[in-house]
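Input sequences plus hints: build the corresponding full structure.
As a plain string of letters, each chain reads:
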Amino acid sequence: GEDVEQSLFLSVREGDSSVINCTYTDSSSTYLYWYKQEPGAGLQLLTYIFSNMDMKQDQRLTVLLNKKDKHLSLRIADTQTGDSAIYFCAEWASGGYNKLIFGAGTRLAVHP
Amino acid sequence: ETGVTQTPRHLVMGMTNKKSLKCEQHLGHNAMYWYKQSAKKPLELMFVYSLEERVENNSVPSRFSPECPNSSHLFLHLHTLQPEDSALYLCASSQENKNIQYFGAGTRLSVL
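First to last, the sequence lines map onto chains A and B.
Under my numbering, think of the first position of the first sequence as 1, with each following residue one higher.
Under my numbering, think of the first position of the second sequence as 113, with each following residue one higher.
Note that these hints are calculated values from the structure, not bench results.
None of these values were measured; they are calculated from a predicted model.
We treat Cβ as the ideally placed atom computed from N, Cα and C, and that holds for glycine.
It is possible that part of the hints are untrue.
[What the hints assert, rightly or not] Distance condition first, Cα-Cα at most 27 Å in a straight line; then the derived DSS-like pairs of lysine-lysine:
(1) A:K70 to B:K148
(2) B:K210 to B:K153
(3) A:K99 to B:K153
(4) A:K99 to A:K70
(5) B:K210 to A:K68
[Stated by the list, open to error] For each label pair, taking beta carbons as the anchor points, the in silico distance ranges come out as:
(6) B:R175 to A:E5: 26 to 32 Å
(7) B:E156 to A:E38: 18 to 24 Å
(8) A:S51 to B:S150: 26 to 32 Å
(9) B:T119 to A:N52: 37 to 43 Å
(10) B:G126 to A:N52: 48 to 54 Å
(11) B:K153 to A:D54: 39 to 45 Å
(12) A:V19 to B:N129: 41 to 47 Å
[To be verified] Which bits of chain B does chain A cover? Going by a derived footprint, with three or more residues having C-beta under 8 Å, they are:
(13) 152-162
(14) 216-224
And the structure:
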């Protein structure tokens with residue numbers, strides 16, 4: 001079946017890099033996503049990667065995709081207190097209709 | 113501002129009440145979605161509407177009744193809810209042939 005797993009919590013020091021990891025099960029997923037949710041807000045699309053790519057970089061964000069291991073990661077360089085949020089990994093499910101399968105989210109806490 | 117607006121932001125209701133959640137998108141999209149977000153659980157897709165027709169219903173109890181009168185508006189009608197229905201309800205929209213979904217800020221529902 002379709003499943004996306006993430007660790008629930010990550011704590012980093014301000015200025016360090018954060019790496020949030022995700023594993024998924026649907027090997028035919030064409031797109032994988034990272035969404036950010038700040039307190040009291042909805043989900044904000046941060047970035048996405050097409051399955052024929054291994055890496056995508058966008059300013060402080062780097063997404064790495066290992067299709068063999070079905071592993072996706074999000075690296076945030078120079079993490080700031082404003083990066084504190086919940087980060088959701090999601091895959092585009094094959095079959096069905098326009099369906100995103102989400103992980104439970106990783107809460108990133110940035111401390112001084 | 114994502115272009116997807118949900119009202120109300122917060123709602124408290126008793127188990128015998130009837131209420132409705134509203135979602136409006138200003139992005140020109142033609143597909144809309146309801147998700148349920150419970151603490152420490154993945155987002156659960158509840159309903160999908162494409163071109164104002166319901167195309168997916170993920171075994172949601174009948175006490176939740178969606179309505180999509182046009183491509184810009186989506187409602188979720190609630191009646192005789194249970195305390196376990198307390199959650200954040202998120203609306204999203206997309207173009208029918210595109211796989212990027214944009215989310216509203218959600219309605220935080222508490223059922224007493």
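These are the hints, each one checked on the structure:
Distance hint between A:K70 and B:K148 is fulfilled; the C-alpha atoms sit about 26 Å from each other, no more than 27 Å. For the proposed pair B:K210 and B:K153, the alpha carbon gap of about 26 Å is at most 27 Å, so the pair holds. For the hint pairing A:K99 with B:K153, the CA-to-CA distance comes to about 17 Å; that is within 27 Å, so the pair holds. The straight-line distance between the Cα atoms of A:K99 and A:K70 is roughly 18 Å, inside the 27 Å bound, and the hint therefore holds.
Under the criterion of a C-alpha separation no larger than 27 Å, the hint pairing B:K210 with A:K68 is consistent with the structure, at around 26 Å. Separation of B:R175 from A:E5 is about 30 Å and conforms to the stated range, judged on CB atoms against 26 to 32 Å. Separated by about 21 Å at the C-beta atoms, B:E156 and A:E38 satisfy the suggested range of 18 to 24 Å. Taking the beta carbon of each, A:S51 and B:S150 are about 29 Å apart, inside 26 to 32 Å as hinted.
Distance hint check for B:T119 and A:N52: the Cβ-Cβ separation is about 40 Å, which falls inside the suggested range of 37 to 43 Å. At about 52 Å, the beta-carbon gap between B:G126 and A:N52 stays in the expected band of 48 to 54 Å. At roughly 30 Å, the beta-carbon separation of B:K153 and A:D54 lies outside the given 39 to 45 Å, and the hint is violated. At roughly 45 Å, the beta-carbon separation of A:V19 and B:N129 lies within the given 41 to 47 Å, and the hint holds.
Only residues whose C-beta sits within less than 8 Å of a C-beta in chain A count toward coverage, and the segment 152-162 of chain B has 7 of them, enough to reach three; the restraint holds. Remark: the segment 216-224 of chain B is confirmed as covered by chain A, as 3 of its residues place a Cβ nearer than 8 Å to a Cβ of that chain, reaching the required three.
Hint violations for this structure: number 11 only, all remaining hints satisfied.
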